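> Given next are the chains, with one letter for each unit.
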Amino acid sequence: MTDTRRTSIFAVGMFLLALLVATTLLSLASGAFRISFLDLLRIIGDGPSGEPIDGVAHNVFWQVRLPRVVLAVVVGASLAVAGVIMQGIFRNPLAEPATVGVSAGAAVGAVIAIIIGLNEFPLGVQIAAFIGGTLSTALVYLLSRSDGKTEVVTLILTGIAINAFAGAVIGFGVFVADDDDLRSVTFWSLGTLGLATWKAVGVVAPLALAGMLISTRFARVLDILALGDRPASHLGVRVEPVRLQAIAVVGLLASSAVAATGIIAFVGLLVPHIMRIVLGPRHRHLLWTSALLGATVTLLADLAARTLLSPAELPLGVVTALIGAPFFLLLLRSTRRSQGGWA
Amino acid sequence: MTTALIAKNLVVVRGNSTLLNDVSLEINAGELVAVIGPNGSGKSTLLGAVAGDFALDAGSVTLNGNDLATLAPRELARARAVLPQQIVISFPFTVREIVAMGRSPWRDDNDDERIDAAMHRLEVMSLRERTYQTLSVGEQARVSMARVLAQDTPLLLLDEPTAVLDIGQQERFLAIARALVDEGRGVVAVLHDLNVAMRFATRVVVLHEGRCVASGDPQSVLTPVLLSDVYHQKIQVTTTMEGRSVILPEQR
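In order, the protein sequence lines correspond to chains A and B. Its first residue numbered 1, the first sequence is counted upward by one per residue in the working numbering. Its first residue numbered 1001, the second sequence is counted upward by one per residue in the working numbering.
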């Protein structure tokens, strides 16, 4: 029994990996400037500093498309893993960085940092985003729990409040600041990968990687937390310290992603849910498979964002919200049913 | 394994109400202690206090001479298991996965064997691939108990373990509890059913308004006078032809 399951987890993992590789290649080849798969191989063979056969394609690939694709992979994986951890510690399948306001909190931190000039310092924006994201996670956590359980209604309402507040701060920040770095409200509220650079990748990737590596430590404990706080502590879990650490990891993952791309909603909601249906709720497998699927989903959404109305580009958040919001409603209904009313 | 848990002069205050007032409790290996009393008398609070769930306002709980507060959570989890009243599990874990969580404080070569043994004992083997949410209340209770058994501890604290079981399941469950005691484990069970306490407990502790009003062997503690007083209801204790004591409410 255990063996067949292990095989199927291995098979699912391989499938997700193949899907990610295929999506990556497709993303690298498609766009306003098409690169054939053959040229793709040649350009990769040349290397970033090699003698370009076709200068434009070479530059598009190394300077525009590859950093964008890498950023999509990193951010998508981060958001999905952050979603898995949040759902685990909140004991609620509706928790996700964007819907409950963590991403918005991170965006507020980033916007404030830019206004007061912290962006002059290395990692200044990321650190401010981390503080904003972690604080809002902690706030949501404190406000929406009663008797060791997060109520759906309170969770969503807390999210609405935090998102509204953050939206106002972001809007005000963009309004008063005359700073190129602040770009636009659209960037922060709808998210885009259009500004991906190697520099952004260089900042986000190590933070995201660190967050994902730390998250593997929580896998077993997140399983046990599904029993509830008291039963978990009876099994030797130090519930509160673990939860605080997990909140910090969510803050790290969500805010490094937000600092680079703005708020991309619903990836952290959709992806863990799909993986839970496919593999069951054990976090050991949920974490890494969700990272793979999160990367793939974000890549596909970004591909749609930049090719559907080509050469114009949709904000990535528009695409994820178009798919994610109806899904969120369905999930809300089923959660309501399984948890009995609006409890 | 001779394990003893000793709770002395426990006081637990929440807001204006004193939930436990100077209650002491001792559990030794090979004992089944039944905690009885009306609703709100502090039974579950007492169980939580000896489980180490919260800080006490006064008094102490020691496990083999060590204060509970000084023990590492995992050490404690290897010494005592707790069966809560009905629990809600937030994700669709299978029965087998939930029972396996009981091994969390150990995680050793015995895991598979203990998990299977616990599932056999509670007759939930056939449910192993079902998800917890799809089970009946009685099945869920048995799965939770299997998880507690898998934890393989010398002490077990059970909060109303038989409340949702039918009479047949209840008898089988109590046989298991008695077997655990015969193995040399100590069991504390919060019970509502006085007849169950009478038949199975080696010792009965009666709580009333946060105080311990009686403690001792069932025959001498469960008397019509005491029970009638505690429950505000005339209660008779009669003896059947086989010599078994039966506790019945008097009809008004």
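The hints are simulated quantities; they were obtained by calculation from the structure and are not laboratory data. All of these numbers come straight from a predicted model, not from anything done at the bench. Virtual Cβ for every residue (Gly too), placed ideally from N, Cα, C. Just to be clear, a hint being listed does not mean it is correct.
Sample of chain B residues with no beta-carbon within 12 angstroms of chain A, all distances over it, derived [what the hints assert, rightly or not]:
| id | residue |
| --- | --- |
| 1 | Asn1039 |
| 2 | Glu1075 |
| 3 | Glu1123 |
| 4 | Gln1151 |
| 5 | Thr1223 |
Covered, in the sense of this in silico footprint (three residues per stretch, anywhere, with C-beta under 8 angstroms from a C-beta of chain B), are these stretches of chain A [what the hints assert, rightly or not]:
| id | segment |
| --- | --- |
| 6 | 38 to 49 |
| 7 | 234 to 242 |
| 8 | 276 to 283 |
> Sort out which numbered hints this structure fails and list those numbers smallest first.
Hints 2, 4, 6 not satisfied by this model.
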